[in-house]
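Per the UniProt record's numbering, the very first residue in the sequence shown carries number 1; after that it's consecutive.
Accuracy of the hints is not assured; some may be wrong.
Using 25 Å as the maximum straight-line C-alpha spacing, the simulated BS3-like pairs for lysine-lysine come out as follows [unchecked claim]:
no.: 1; residue 1: LYS51; residue 2: LYS30
no.: 2; residue 1: LYS30; residue 2: LYS16
no.: 3; residue 1: LYS22; residue 2: LYS7
no.: 4; residue 1: LYS30; residue 2: LYS7
no.: 5; residue 1: LYS51; residue 2: LYS61
no.: 6; residue 1: LYS7; residue 2: LYS21
Derived Cβ-Cβ restraints for the label pairs, each shown as a range [unchecked claim]:
no.: 7; residue 1: LEU42; residue 2: GLU4; range: 35 to 41 Å
no.: 8; residue 1: SER55; residue 2: ASP1; range: 15 to 21 Å
no.: 9; residue 1: ILE60; residue 2: LYS7; range: 52 to 58 Å
no.: 10; residue 1: TYR57; residue 2: GLU4; range: 52 to 58 Å
no.: 11; residue 1: GLN54; residue 2: VAL27; range: 40 to 46 Å
no.: 12; residue 1: TYR6; residue 2: GLU52; range: 44 to 50 Å
no.: 13; residue 1: GLN64; residue 2: ILE2; range: 58 to 64 Å
no.: 14; residue 1: GLU19; residue 2: GLU41; range: 17 to 23 Å
no.: 15; residue 1: LYS7; residue 2: GLU52; range: 31 to 37 Å
no.: 16; residue 1: ILE60; residue 2: LEU23; range: 31 to 37 Å
no.: 17; residue 1: GLU35; residue 2: VAL14; range: 25 to 31 Å
no.: 18; residue 1: THR58; residue 2: LYS15; range: 19 to 25 Å
no.: 19; residue 1: ALA11; residue 2: SER39; range: 35 to 41 Å
no.: 20; residue 1: GLU41; residue 2: VAL3; range: 36 to 42 Å
Treat the hints as calculated values from the structure; they're not laboratory data.
The beta-carbon is built from N, C-alpha and C at its ideal position, and this holds for glycine as well.
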Amino acid sequence: DIVENYKIQQAELVKKAGEMKKLYAEVLQKFGEAEDQDSQELFGWISTFIKEFQSAYTDIKPPQR
């Protein structure tokens, strides 16, 4: 029955969403951020850091021979 399949899928999605929420809370704790920190803002900071780090590394690494 289609409705039963959707109910099963919904239950699986709810479970996965709960797991993601728990994992995100762990990430926030490791970075010392508030529990209500917006994920886009947090991962935006991480992305910016990585880009700037790569740029700085490129600027200071010795030329290849």
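- Would you pick out the hints that fail for this structure and give their numbers low to high? 4, 8, 11, 15, 17, 18 and 19
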